[in-house]
Amino acid sequence: MKLTIPEIEIMSSGHVACQGCGATLAFRYALKALGRETIVVIPACCWSIIDGPFPYSAAGVPLFHTAFETAGSTASGVRAALDIKGIDNVSVLAWAGDGGTMDIGIQALSGAVERGEDIIYVCYDNEAYMNTGIQRSSSTPYGAWTTTTPAKNFKTGPKKNMVEIMVAHKIPYTATANIAFPEDFIAKLKKAKSIKGPKFIQIISPCPAGWKFSSQLTIKLAKLSFEACVFPLYEVENSRYTVKKPNKKTDVREYLNLQGRFKHLNSDAMGLIQKNIDEEWGLLLKKERTSDEKCAETDAKA
Amino acid sequence: MKKVITGNHAVSFGAKLARVEVIAAYPITPQTEVVEKLSEIVSDGELAAKFIKVESEHSAMAACIGASVTGARAFTATSSQGLALMHEMLHWATGARVPIVMANINRTLGPPWNIWSEQTDSLSQRDTGWLQFYCENNQEILDTVIQAFKICEKVSLPGMICLDAFYHSHTSEVVDLPEQKSIDKFLPKYDPKYKLDINEPHTFGGLTSPEWYYELRYKIQSSMEDALGVISETGKEYAAITGRRYGLIDEYKTEDADEILITAGAMSQTAKEAVDLMREKNKKVGLLRIRTFRPFPKNEVRKIIKRAKSAGVIDRDISFGSEGIFFQEVKSALYRESARPPIYGFIAGLGGRDVTIDEIIKIAESMPKMARNNEFTWVGAKI
Ligand SMILES: Cc1ncc(C[n+]2csc(CCOP(=O)(O)OP(=O)(O)O)c2C)c(N)n1
Ligand code: SF4
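Protein sequence lines, in the order shown, are assigned to chains A and B. My numbering numbers the first residue of the first sequence as 1 and each following residue consecutively. My numbering numbers the first residue of the second sequence as 1 and each following residue consecutively.
Simulated from the structure, these hints should not be mistaken for lab results. The structure displayed is predicted, hence computed values, not measured ones. Hints may be right or wrong, so weigh each one.
In silico PhoX-like pairs for lysine-lysine, Cα to Cα no more than 20 angstroms straight-line [as the list claims (entries may be wrong)]:
(1) A:Lys-196 - B:Lys-53
(2) B:Lys-219 - A:Lys-170
(3) A:Lys-85 - B:Lys-331
Residues from chain A shown here face chain B by an in silico Cβ test under 8 angstroms; the list is partial [said to hold, decoys possible]:
(4) Glu-37
(5) Pro-53
(6) Pro-62
(7) His-65
(8) Thr-74
(9) Gly-77
(10) Ala-80
(11) Asp-83
(12) Lys-286
(13) Arg-289
Chain A residues, not near chain B, derived (Cβ > 10 angstroms throughout) [said to hold, decoys possible]:
(14) Ser-73
(15) Glu-114
(16) Lys-152
(17) Gly-197
Where a beta carbon is used, it is the ideal one built from N, C-alpha and C, also for glycine.
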């Protein structure tokens, strides 16, 4: 089989992530996809540290560290400066954690995409505030332990559906990705690069420290999140959904049982999680069908 | 070319003459007209700039930082709550060493809601590392916007031009607009040595341990100190093309003054009238207007005040639990003098309350009779 992952290594070793960090792999792949013609903006998150301490940097491309809630707006400023200088061969990549995206940063992100800024926004989703020591975020799933949702009082609300929020903004491209499927992620980023306007990609990035699993399991867990349909892989291009289906949908318990953050759950709670996943999965497939019909209709009219 | 324009439009024309490249702003009374005018100028094609209509002031400052660090000349304007919302990013701009220029229309902070003049908003930002200029009239506002870019770009720090709500922002005066050609010569294109550039990748703002952070702060402080000289030099250069010279302070009849009043901003014009009236009655009163609040012109203030029998600082601001903010700064500038006149603090005009000529005369006349340890007085408060 021909390898499609670009050989080029832009990110260097010597970063300071934890062993087995999914977010670090995600960034490495992102740069392979986008190339050296990329300017990155990173708000407060694990990646503020992963990049390395001054005067070192593992990124290999121009990088600006910005305040927690400003990935969307700082990237807008970078884009504006490039535009006014007539530089049109550079991708502006906002690279943020789930908290910086769905919580504190949602205003700036919503503002940026509503304005139609030509930026790629990637949220690496480790489902909590890891940088500050594993506190719940709005991306933390039902049932999970974090330091602010202790086992006795685990998180009971669902994970915020950021993809749908982005789709509702009617941006040209929204997608999810998974570090266990780098070819897919790279293809999505390349597609995002070729589209003008705001692009949003959310990539599931298991975190050994925060999810409480042994660091050699990162890819396995990422894969299971796809197979159990916990974190579906799909694209929404101009409102048309394309969902990647696993060969066989697996039981969510296998995914949950490998992680310490769910170990307090009894079988009822796990059953509820399975039920919710099934419902969400059904809904997503329905969206794919109906969006397909709708798009076919509009295509026919046009 | 002479034009009758408001202080707000003086800001807009200043930004236009400075050929700003990226503007990011969010509306707030009484600033709104600044960016409305600029939107018009940009959409009419009179200025080649990108205008980002952000969703908040916090984002406005973040976008300006992003633009500036990518090498574009960036500008914004705000007021009051908008400035307060930016606070975090004001520190960020300084640390990132980006020479963004911003106009702040001095307005009260709520609650209660009040849209009138007060300088507590910008003075609360005094420790963010922004240069701060307080202007007296619309001409100075326009001239200061242009000069601020040059000064800030030389010292790699951001700068704030302060004008008073309504007294400046919505009041029309004759303003002389310099020729674009001469401003282009005065203020060359912004081209920083370090920027976000794919041909020479650098990382900005990464985690920095105590081993180096301390030195980076030291560098900000020394740039602030350099700014004192740069402001004066730039003032001279600007005078050569426009005939209008500005420095760190503005002296009005202080040479032989027994009592010196100290003000900043629009109130200074009223105070000058008061000085004239008192001079007609042979009262030796003078005015020291502080134009540059950051960096603070300690030496100039010290030199002038130590000649007087007493000095009175009129603050349109208050640091709760302490006193007027200019009062604190002026007093601290005098600390080194073994023989120093008494300095009195007056709080006046908060929330846009009019500070009249009569009131200023009363202040000046009360000074010789005051007890040396009189801390500070609320002028005309209904209490
Ligand atoms: C205004 C502000 N509030 C709080 C913080 C502290 N803080 C830094 S990173 C972080 C959590 C980041 O979480 P997330 O975005 O999910 O990224 P992760 O750390 O998981 O990579 C927090 C709360 C901050 N830097 N700024
Ligand atoms: S805490 Fe998690 S996300 Fe952060 S560096 Fe470690 S493994 Fe990566």
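Now for the hints, and whether the structure bears them out:
{"no.": "1", "hint": "A:Lys-196 - B:Lys-53", "verdict": "19 angstroms, holds"}
{"no.": "2", "hint": "B:Lys-219 - A:Lys-170", "verdict": "46 angstroms, violated"}
{"no.": "3", "hint": "A:Lys-85 - B:Lys-331", "verdict": "47 angstroms, violated"}
{"no.": "4", "hint": "Glu-37", "verdict": "5 angstroms, holds"}
{"no.": "5", "hint": "Pro-53", "verdict": "5 angstroms, holds"}
{"no.": "6", "hint": "Pro-62", "verdict": "4 angstroms, holds"}
{"no.": "7", "hint": "His-65", "verdict": "4 angstroms, holds"}
{"no.": "8", "hint": "Thr-74", "verdict": "4 angstroms, holds"}
{"no.": "9", "hint": "Gly-77", "verdict": "3 angstroms, holds"}
{"no.": "10", "hint": "Ala-80", "verdict": "4 angstroms, holds"}
{"no.": "11", "hint": "Asp-83", "verdict": "6 angstroms, holds"}
{"no.": "12", "hint": "Lys-286", "verdict": "33 angstroms, violated"}
{"no.": "13", "hint": "Arg-289", "verdict": "35 angstroms, violated"}
{"no.": "14", "hint": "Ser-73", "verdict": "3 angstroms, violated"}
{"no.": "15", "hint": "Glu-114", "verdict": "8 angstroms, violated"}
{"no.": "16", "hint": "Lys-152", "verdict": "35 angstroms, holds"}
{"no.": "17", "hint": "Gly-197", "verdict": "15 angstroms, holds"}
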